[in-house]
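A.B. asks: Protein sequences appear in the order of chains A and B. Reading the first sequence from the start, the letters are residues 1 to 137 in this note's numbering. Reading the second sequence from the start, the letters are residues 138 to 271 in this note's numbering.
Because the hints were derived from the structure by calculation, they are not lab data. Warning: the hint list may mix true and false statements.
Unchecked claim - DSS-like cross-link-like pairs, simulated, lysine-lysine; straight-line CA separation at most 25 Å:
#1 K69/A <-> K140/B
#2 K177/B <-> K39/A
#3 K232/B <-> K155/B
#4 K69/A <-> K3/A
#5 K140/B <-> K232/B
#6 K39/A <-> K155/B
#7 K155/B <-> K69/A
#8 K39/A <-> K69/A
#9 K177/B <-> K140/B
#10 K3/A <-> K39/A
#11 K155/B <-> K3/A
What the hints assert, rightly or not - Under 10 Å between C-beta atoms, here's a sample of chain B residues computed to sit facing chain A:
#12 K232
#13 P241
#14 T243
#15 P244
As the list claims (entries may be wrong) - Derived coverage of chain A by chain B (criterion: at least 3 residues anywhere in the stretch with Cβ under 8 Å from a Cβ of chain B; other residues may be distant):
#16 9-17
#17 53-65
Here the structure is a predicted model, which is why all the values come from computation and not from measurement. From the three backbone atoms N, C-alpha and C, an ideal C-beta is built for every residue, glycine too.
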Amino acid sequence: MSKTFTVEGDIGSADTRTLLTTQGSVTAPSSVVPSGVTKIDQIIVAASTEGLANGAQVYFLRLGGNAVKNGEQVIVISAVGRIAAQAGSDAAPQLMAPIVFENIDIAVAASDTITVAIEGAGTDTGTGHAVVTLIYA
Amino acid sequence: MAKLYRSREGDATAVDTKTQLSTLGSEMAPGPLLVPTGVKALVGVIIAQCFNMAAAAGYSALIRLEGPGLPGGPEVFAAGTGGTPVATGGNGVNKAVLIPVNIPVTPSNEILIFGEMAGTDVGSITFGVTLVFA
């Protein structure tokens with residue numbers, strides 16, 4: 001049986017680990033791993049920026065907390081780039097469809113807490129936004 | 138055994154130049170990327186890259202894996218391509234790609250990850266790479 005856990009949040013600056021703790025209208029979803037599960041089976045994730053500053057950076061998903069049995073696992077998600085837009089024109093938007101990582105097989109301890117964080121690395125390109133779904137099995 | 142995920146990132150700022158990816162965001166000195174004990178193979182490589190669009194040019198991107206953690210010798214992966222007609226307007230996002238592989242590894246030994254820009258110098262490319270062990 002699968003069970004989902006979704007969080008989202010804004011990432012303010014590069015080289016800063018930012019915890020995702022909200023879920024839209026649900027401001028404090030429980031981060032306790034459901035009983036009866038043993039692993040994260042799939043991850044659905046997307047991260048991009050508003051593109052308000054020039055540069056290029058990558059985003060990592062950092063899964064940690066007491067529930068992750070083998071210590072923090074860090075997975076690259078996306079990369080973004082931006083250069084100042086031409087005068088009189090609008091810059092293209094950054095649109096990222098989510099990635100679905102299957103058979104991710106990260107061991108977790110049920111009834112313990114998991115932390116979901118995003119971190120940008122490189123040159124800050126403006127406020128980032130990320131959404132993550134963990135599918136337990 | 139459950140899978141284990143190890144990551145590094147960095148910038149390649151010159152064309153045809155091998156650049157080691159040795160940092161991890163806020164971790165400026167994470168140390169050598171060692172093959173975890175108890176694993177038998179590298180089963181996946183996850184790569185994301187994007188350029189800063191600082192020059193009106195195009196590029197190809199490569200990831201090179203080297204070091205004593207790879208008993209079969211170096212491996213090289215296509216990481217993507219890009220380009221822009223002007224250096225005065227661009228904005229984009231690339232999602233990461235998971236490449237399934239089955240490459241023997243030597244536990245407790247180091248794997249070095251390099252990013253490389255090929256083609257024309259476009260300014261810089263930022264790479265993120267995750268190695269998946271099992």
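A.B. asks: Run every hint past the structure and note whether it holds.
C.D. replies: Outcome of the hint check:
Under the criterion of a C-alpha separation no larger than 25 Å, the hint pairing K69/A with K140/B is consistent with the structure, at around 11 Å. A distance of roughly 20 Å separates the Cα atoms of K177/B and K39/A; the hinted pair therefore holds under the 25 Å criterion. Between K232/B and K155/B, the direct Cα distance comes to roughly 23 Å. Compliance with the 25 Å bound is thereby established for this hinted pair. Simply put, K69/A and K3/A have alpha-carbon atoms about 18 Å apart, close enough for the 25 Å limit, and the pair holds.
Annotation: proposed proximity of K140/B to K232/B holds, straight-line Cα distance about 21 Å (limit 25 Å). The straight-line distance between the Cα atoms of K39/A and K155/B is roughly 37 Å, outside the 25 Å bound, and the hint therefore fails. For the proposed pair K155/B and K69/A, the alpha carbon gap of about 35 Å is over 25 Å, so the pair is violated. A C-alpha spacing of about 9 Å is found between K39/A and K69/A, which places the hinted pair at or below 25 Å, so the restraint holds.
About 11 Å separates the Cα atoms of K177/B and K140/B, which keeps this hinted pair within 25 Å; it holds. Between K3/A and K39/A, the direct Cα distance comes to roughly 11 Å. Compliance with the 25 Å bound is thereby established for this hinted pair. Using a Cα cut-off of 25 Å, the hinted pair K155/B and K3/A is violated, with the two alpha carbons roughly 43 Å apart. The restraint placing K232/B at the interface with chain A holds, with a minimum CB-CB distance near 5 Å, inside the 10 Å limit.
This hint is violated: P241/B has a C-beta 19 Å from the nearest C-beta of chain A, more than the 10 Å allowed. With a least beta-carbon distance of about 19 Å to chain A, the hint placing T243/B at the interface is violated under the 10 Å criterion. Annotation: P244/B was flagged as interfacial toward chain A, and the flag is violated, the nearest CB pair being 14 Å apart, outside 10 Å. Taking a C-beta to C-beta cut-off of 8 Å, the stretch 9-17 of chain A contributes 4 residues in contact with chain B, enough for the three needed, and the coverage statement holds.
Beta-carbon proximity to chain B at under 8 Å applies to 7 residues in the stretch 53-65 of chain A; the threshold of 3 is reached and the given coverage holds.
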